[in-house]
Amino acid sequence: MIAQEEFDNLLNWLDTDRERAGKKYEVIRQALIKIFNYQGCSEAEDLADETINRVMRRLPAIANTYEGDPRLYFYGVGKNVLREYMRRSPEEMAFTLPEHQKIEALETEDVELRYDCMDKCLQTLKDWERRLLLQYYQDRKRAKIDARKLVAQELGISINSLRVNIYNLRKKLERCVIECMQTKSSNS
Amino acid sequence: MIQNLPDENLIKSYLLGDLSENDQDQIQARLFTDPEFFEGLLIIEDELTDDYAFGLLSDPERRKVERRFLVTPQQRQKLSLATALRKYSSESVLKNTSQAFIDYEARLKPFETRRSIFPRFLSRLFPHNRFRKRLSNTDVSIQKKPGSLWESRAAEAQANRNLLASLINKDWLGLHLLAQLRSSSPSTIMELASNIEVSNVDIALILNKLVQCHLVDKQQRVFSCTQLGAEILEKIEKATGVSLNP
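Note that the protein sequences, when read in sequence, are chains A and B.
According to the numbering used here, the residues represented by the first sequence are 1 to 188, in order.
According to the numbering used here, the residues represented by the second sequence are 189 to 434, in order.
Hints are computed from structural coordinates only; laboratory data are not their basis.
Some clues are possibly wrong.
Claimed, not checked - Interface residues of chain A toward chain B, partial, derived using beta-carbon atoms under 7 Å:
#1 Arg-29
#2 Ala-31
#3 Ile-35
#4 Tyr-38
#5 Arg-71
#6 Arg-114
#7 Tyr-137
#8 Glu-154
#9 Glu-174
To be verified - Each computed DSS-like pair below joins lysine-lysine, with the alpha-carbon atoms no more than 30 Å apart:
#10 A:Lys-126 x B:Lys-397
#11 B:Lys-266 x A:Lys-172
#12 A:Lys-171 x B:Lys-275
#13 B:Lys-397 x A:Lys-120
#14 A:Lys-126 x B:Lys-266
#15 B:Lys-266 x A:Lys-149
#16 A:Lys-184 x B:Lys-275
#17 A:Lys-79 x B:Lys-266
#18 B:Lys-423 x A:Lys-172
#19 B:Lys-275 x B:Lys-358
#20 A:Lys-126 x B:Lys-252
#21 B:Lys-358 x A:Lys-120
#22 B:Lys-252 x A:Lys-172
#23 B:Lys-358 x B:Lys-423
#24 A:Lys-79 x B:Lys-200
#25 B:Lys-266 x A:Lys-120
#26 B:Lys-266 x A:Lys-171
#27 B:Lys-275 x A:Lys-172
#28 B:Lys-397 x B:Lys-358
#29 A:Lys-171 x B:Lys-252
#30 B:Lys-406 x A:Lys-171
#31 A:Lys-171 x B:Lys-358
#32 B:Lys-406 x A:Lys-120
#33 A:Lys-149 x B:Lys-200
#34 A:Lys-149 x B:Lys-275
#35 B:Lys-358 x A:Lys-149
Think of the CB as a built atom: it goes at the ideal place given N, C-alpha and C, for glycine as much as any other residue.
Can you make the complete structure from the sequences, with help from the hints?
What follows is the structure, encoded as structure tokens:
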């Protein structure tokens, strides 16, 4: 449980502007989760929170003397947390490498529900957003041709603009599908 | 919004676990201090997940992706979404084309006999010998082989269907664009969008289909009506008695 005062001090240490501090905090937390994930940690969110808690506890002692980007301090603490995690005995680590077959089996779970939700969520997008996304994924199947170049050329935009647009649309769709699936699952 | 995806190959190598420990450390530190770099990583991670779902990765790359970022339920959920998008996008192509033909037949039904109007209308618009010239060399060679008449006819029928779809999809936008291009000098997507008041995305999608059917020519980013496109418009005008000039 994070005390509000400790959290406020943390944000203030990151940036005197509250809004900028909040954004930096979010990036820090997400970066920690990603790094723990890539290292194979199934408890990535818990480890990220542990890292942040440690920084908060140490803050009174270091705030006035620390030199450098505060964000890198989180990274340093995170590396220690990771080392400790890796040293745990195998029985403690709730981590298994999913085999290719297991991934395929997971994909078949709730396929119909996900598909129905996707259909519903695609309708909530604007017409041009839906068409862009579907056209991009239709062309994605071409293995030998860079589909992104083709779609970008057709639209008269840069490849990077296309990629950023697709990323944002996909995030929007993902949030909608997850919410839809949770709602339908709890109603059934 | 980021302007350029930074250090793409470096990020991809990091995601696949191909970097030395020292390089990994530098990348990871940068994730905290460079928000654009972090966003670039998220984009490339999504794209690798898509490549995995579409079977576009080599076996070694697949194994690395499975080991590095298809570990948690959240990451596997991303993979499930990519798989569902792949399936949905394939099925939406079939659904749109089928519906376009159904709509087309329904519109002309009052003026035709009970038999399907397709073969008669198509034969008037797309004579067999004229379309044969537009087929590729490979297709021509198939036609010349005895016993492959069915294959060549089927290929030609498919080409005709594609051509028709390019004209009637999205509420006859293709026909509208073709007529616009016939009456004007070569135009860009932006110029066409300002004349027709339809989104750039829709225009780009339909123009692509018109180019594939040889009704429109594309040079750099400029489009123009081909001779075949003009002939098709003329035949439609004669068959319907309606002028298609904008």
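Evaluated hints:
| no. | hint | in the structure |
| --- | --- | --- |
| 1 | Arg-29 | violated (10 Å) |
| 2 | Ala-31 | holds (4 Å) |
| 3 | Ile-35 | holds (5 Å) |
| 4 | Tyr-38 | holds (5 Å) |
| 5 | Arg-71 | holds (4 Å) |
| 6 | Arg-114 | holds (5 Å) |
| 7 | Tyr-137 | holds (4 Å) |
| 8 | Glu-154 | holds (4 Å) |
| 9 | Glu-174 | holds (5 Å) |
| 10 | A:Lys-126 x B:Lys-397 | holds (22 Å) |
| 11 | B:Lys-266 x A:Lys-172 | holds (12 Å) |
| 12 | A:Lys-171 x B:Lys-275 | holds (18 Å) |
| 13 | B:Lys-397 x A:Lys-120 | holds (27 Å) |
| 14 | A:Lys-126 x B:Lys-266 | holds (22 Å) |
| 15 | B:Lys-266 x A:Lys-149 | holds (23 Å) |
| 16 | A:Lys-184 x B:Lys-275 | holds (21 Å) |
| 17 | A:Lys-79 x B:Lys-266 | holds (26 Å) |
| 18 | B:Lys-423 x A:Lys-172 | violated (46 Å) |
| 19 | B:Lys-275 x B:Lys-358 | holds (22 Å) |
| 20 | A:Lys-126 x B:Lys-252 | violated (36 Å) |
| 21 | B:Lys-358 x A:Lys-120 | holds (21 Å) |
| 22 | B:Lys-252 x A:Lys-172 | holds (27 Å) |
| 23 | B:Lys-358 x B:Lys-423 | holds (21 Å) |
| 24 | A:Lys-79 x B:Lys-200 | holds (21 Å) |
| 25 | B:Lys-266 x A:Lys-120 | holds (18 Å) |
| 26 | B:Lys-266 x A:Lys-171 | holds (10 Å) |
| 27 | B:Lys-275 x A:Lys-172 | holds (19 Å) |
| 28 | B:Lys-397 x B:Lys-358 | holds (12 Å) |
| 29 | A:Lys-171 x B:Lys-252 | holds (23 Å) |
| 30 | B:Lys-406 x A:Lys-171 | violated (34 Å) |
| 31 | A:Lys-171 x B:Lys-358 | holds (27 Å) |
| 32 | B:Lys-406 x A:Lys-120 | violated (36 Å) |
| 33 | A:Lys-149 x B:Lys-200 | holds (18 Å) |
| 34 | A:Lys-149 x B:Lys-275 | holds (22 Å) |
| 35 | B:Lys-358 x A:Lys-149 | holds (24 Å) |
This entry does not satisfy hints 1, 18, 20, 30, 32, going by the numbered hints stated previously.
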